[in-house]
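Sequences and hints are given; from them, build the entire structure.
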Amino acid sequence: MGAYKKEAVMTVGFFVAYLLMAHTAPWAILLGIDDSVRMFGYPVHYFIAIFLGWFGVLAVSIAWNICADRLEEEIERENDAATADNRCGRPATTGYAERDTQDSSTGRAQ
Amino acid sequence: MNEIVWQLDNLWLGIGVTVAVFFLYYAVAFYSRSSTENTADLYVAGRSIGPVMNSLAAAATWMSVATFLGVVGLIQQLHMPFVYMWIQLILSVPLLVLFYGAMLWRLGMFTSVSFVRVRYGQPAAYLAAVWMLLIMLMYMIGQFVGVAKVFEVLLGLPYMPSLIISALVITGYITIGGMKGATYNDAIQMVVMLLALLVPLAAILKALGATAYAFPPLGYGNMTDVMLAEFPDFFSLKYDPRFYLALFVALTLGVLGLPQLAQRVLTSASLKAARRVVPWFCLWVGLAFSATYAMGFAGVYHFATLGQELPPDAADKTTLLLNLAYNPEWVSAFVIAGVLAAGVSTIAGLMIGVATIIAHDILGMLKPQLDDRKRLRWGYIGLAGTGIVSLLISLNPPAFLIVSIFWAFGLCASAITPMLVLGAWSTRINQVGAFTGSIGAGLVYIVVSPYVFSGVAVGAGISAKLGFAAALITVPLGFILTVAVSIGYEKIAGPGYRDVIARAHELVEGMHGWRQISGLRYAGSTWLWILCALWVPVLVWGLAPW
Chain W
1 MGAYKKEAVM
11 TVGFFVAYLL
21 MAHTAPWAIL
31 LGIDDSVRMF
41 GYPVHYFIAI
51 FLGWFGVLAV
61 SIAWNICADR
71 LEEEIEREND
81 AATADNRCGR
91 PATTGYAERD
101 TQDSSTGRAQ
Chain G
1 MNEIVWQLDN
11 LWLGIGVTVA
21 VFFLYYAVAF
31 YSRSSTENTA
41 DLYVAGRSIG
51 PVMNSLAAAA
61 TWMSVATFLG
71 VVGLIQQLHM
81 PFVYMWIQLI
91 LSVPLLVLFY
101 GAMLWRLGMF
111 TSVSFVRVRY
121 GQPAAYLAAV
131 WMLLIMLMYM
141 IGQFVGVAKV
151 FEVLLGLPYM
161 PSLIISALVI
171 TGYITIGGMK
181 GATYNDAIQM
191 VVMLLALLVP
201 LAAILKALGA
211 TAYAFPPLGY
221 GNMTDVMLAE
231 FPDFFSLKYD
241 PRFYLALFVA
251 LTLGVLGLPQ
261 LAQRVLTSAS
271 LKAARRVVPW
281 FCLWVGLAFS
291 ATYAMGFAGV
301 YHFATLGQEL
311 PPDAADKTTL
321 LLNLAYNPEW
331 VSAFVIAGVL
341 AAGVSTIAGL
351 MIGVATIIAH
361 DILGMLKPQL
371 DDRKRLRWGY
381 IGLAGTGIVS
391 LLISLNPPAF
401 LIVSIFWAFG
411 LCASAITPML
421 VLGAWSTRIN
431 QVGAFTGSIG
441 AGLVYIVVSP
451 YVFSGVAVGA
461 GISAKLGFAA
471 ALITVPLGFI
481 LTVAVSIGYE
491 KIAGPGYRDV
501 IARAHELVEG
511 MHGWRQISGL
521 RYAGSTWLWI
531 LCALWVPVLV
541 WGLAPW
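Those sequence lines, one after another, are chains W and G. If you're matching positions, the first sequence starts at 1 in UniProt numbering and goes up one per residue. If you're matching positions, the second sequence starts at 1 in UniProt numbering and goes up one per residue.
Think of the hints as simulated: they come from the structure by calculation, not from any bench. Even for Gly, the Cβ is constructed at its ideal location relative to N, Cα and C. Mixed in with the good hints, there may be bad ones.
[Unchecked claim] Just so you have them, the derived chain W footprint on chain G, three or more residues with Cβ under 8 angstroms:
1. 58–69
2. 92–99
[Claimed, not checked] Keeping only pairs whose Cα atoms sit at most 20 angstroms apart, straight-line, the calculated DMTMM-like set for lysine to aspartate or glutamate is:
3. Lys272(G) to Asp85(W)
4. Lys272(G) to Glu74(W)
5. Lys272(G) to Glu76(W)
[What the hints assert, rightly or not] Label pairs and their in silico Cβ distance ranges:
6. Ile66(W) to Leu366(G): 43 to 49 angstroms
7. Pro495(G) to Ile62(W): 28 to 34 angstroms
8. Ser236(G) to Phe40(W): 52 to 58 angstroms
9. Pro368(G) to Ala84(W): 36 to 42 angstroms
10. Asp85(W) to Val191(G): 48 to 54 angstroms
11. Ser525(G) to Ile29(W): 31 to 37 angstroms
12. Cys67(W) to Ser404(G): 34 to 40 angstroms
13. Ala59(W) to Lys367(G): 46 to 52 angstroms
14. Ser525(G) to Asp85(W): 16 to 22 angstroms
15. Ser525(G) to Cys67(W): 24 to 30 angstroms
16. Asn38(G) to Ile66(W): 32 to 38 angstroms
17. Ile530(G) to Arg70(W): 44 to 50 angstroms
18. Ala502(G) to Asp85(W): 17 to 23 angstroms
19. Ala59(W) to Ile530(G): 47 to 53 angstroms
In structure tokens, the structure reads:
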């Protein structure tokens, strides 16, 4: 899979993972709640909501950082390969901080 | 219950702590001023902030006065559903960076409005600026009023002088320090907040009989049985599934578009540093949020075991009451410093956000020939002006500006998020679609909310008041309109549209890190139509009577 597709898959995947961690109410609705089922003394759905809403989101964020670093390296490799081949069209314009000012009168870059 | 119960006996102790922390904030602001030389320093701290410092600052911007006061009161009233409502707010910065924050950093932007301008043009930028200013103004007025109420209720000072003095003092240090000063101060304030929440909470939980009080966020499990005996429905879900879907639609998608949080990420020293902000942010915010639930639990437990019923207006002050009941008075004075830190750090982020949009984005569009020195001067004027105008509005705020901030998040989800996220991920979205989607969804959101035309409002009770019912209609509408009008416009646009598409590719591919423009990436329409199809059932459900 190329870096472009990987970026899309990764973004959707981590978005879903974040939602699963921070939105646990749908699971409580689907599976039902029972206050007598406890984890560390708390009703299990309460503990899971707080635990995943903190440590779950934190774990997803660390995993995303690792994957995003690798993806950036892959994009750079593909950039270098494309530059060497010179086959993928014109170079991109970044550095919009400066362009941001220059284009103010004309409006858009799109 | 007598009002005096909430106040410190030793007024000078509270005032002394307050003066001391503001002295520190001013010292940091003056120190930072010496290194503010241009507009990039003023608005995005010269892109020099490391991830730990930035994450603390972002967390402080996100933690408002409500963290100490409103949330605890609302947990007492709503119990478990409010915990679910609050938990997902931790996704603000993670999703913001995932979907567009890192890309805006790569482009060297100062604000989300700057991105909207280069992506869609000036009309869309003006529209985005209006929505963002409205949202931030609502937010800021709430914080100014909240800080003044802290002085009034907790220290016993009269409200109006408290509002004026606190607003001027806050405006002063933020204007002096700019984004650098605000960032360092926000980081300090987040540490103050965490200490003011956690340490006194451990003592309170210990006094209430919690066995694992040494780790307050999750240290009160043994109190569950007593709580259930007093409040058998404390942990029940109470609301139907649509309420919980609305939390995602209105809040999760709303907070990821908030401009003041986006600007925080743009102060990062590097792209990697911007990404590293995310896990650190989750660590601090998770810690603070979990402590807040524990404080809410302790408050409910405290009153239940005393056999007292807390009136709703007093519920907001539970944090201080628990401290006065179980901790020495100097601890309560430190908690007041924590409440103030929560308020002023949020105001700092909002004030810089508003000033950047006015003095950089809007003025930049009106007067593009201004050099950086004049822009810097206008930036300072913008900062001071933002504080003064917000103060003047706060003196007698119009009713539409003092509705719940949750309602403003729904507006952001409807009018801002689609144009930002779709614009960053698809070259097929154009200025006509973005403008139509934003103004259409934003206006419909206002119309079907209960604050302007109550006769056509959708939903009832808390779902209507917080904008959840409206957002279930207008967020799908915003995404569908943006996509459908953009792709429809492609069909009728003239030959000049090719240049528009070429510029969109240059920008979008570049912001994702591609140095060579293929003209093919981010150009598909299938996923856009799938996204619209996913929104249709949400829209249909939203239209059904509540």
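Here's how the hints hold up against the structure:
no.	hint	result
1	58–69	violated (count 0)
2	92–99	holds (count 4)
3	Lys272(G) to Asp85(W)	violated (28 angstroms)
4	Lys272(G) to Glu74(W)	holds (15 angstroms)
5	Lys272(G) to Glu76(W)	holds (14 angstroms)
6	Ile66(W) to Leu366(G): 43 to 49 angstroms	holds (44 angstroms)
7	Pro495(G) to Ile62(W): 28 to 34 angstroms	violated (49 angstroms)
8	Ser236(G) to Phe40(W): 52 to 58 angstroms	violated (20 angstroms)
9	Pro368(G) to Ala84(W): 36 to 42 angstroms	holds (39 angstroms)
10	Asp85(W) to Val191(G): 48 to 54 angstroms	holds (51 angstroms)
11	Ser525(G) to Ile29(W): 31 to 37 angstroms	holds (34 angstroms)
12	Cys67(W) to Ser404(G): 34 to 40 angstroms	holds (36 angstroms)
13	Ala59(W) to Lys367(G): 46 to 52 angstroms	holds (48 angstroms)
14	Ser525(G) to Asp85(W): 16 to 22 angstroms	violated (28 angstroms)
15	Ser525(G) to Cys67(W): 24 to 30 angstroms	holds (27 angstroms)
16	Asn38(G) to Ile66(W): 32 to 38 angstroms	holds (35 angstroms)
17	Ile530(G) to Arg70(W): 44 to 50 angstroms	violated (27 angstroms)
18	Ala502(G) to Asp85(W): 17 to 23 angstroms	holds (21 angstroms)
19	Ala59(W) to Ile530(G): 47 to 53 angstroms	violated (28 angstroms)
In this structure, the earlier hints numbered 1, 3, 7, 8, 14, 17, 19 are contradicted, and the remaining ones agree with it.
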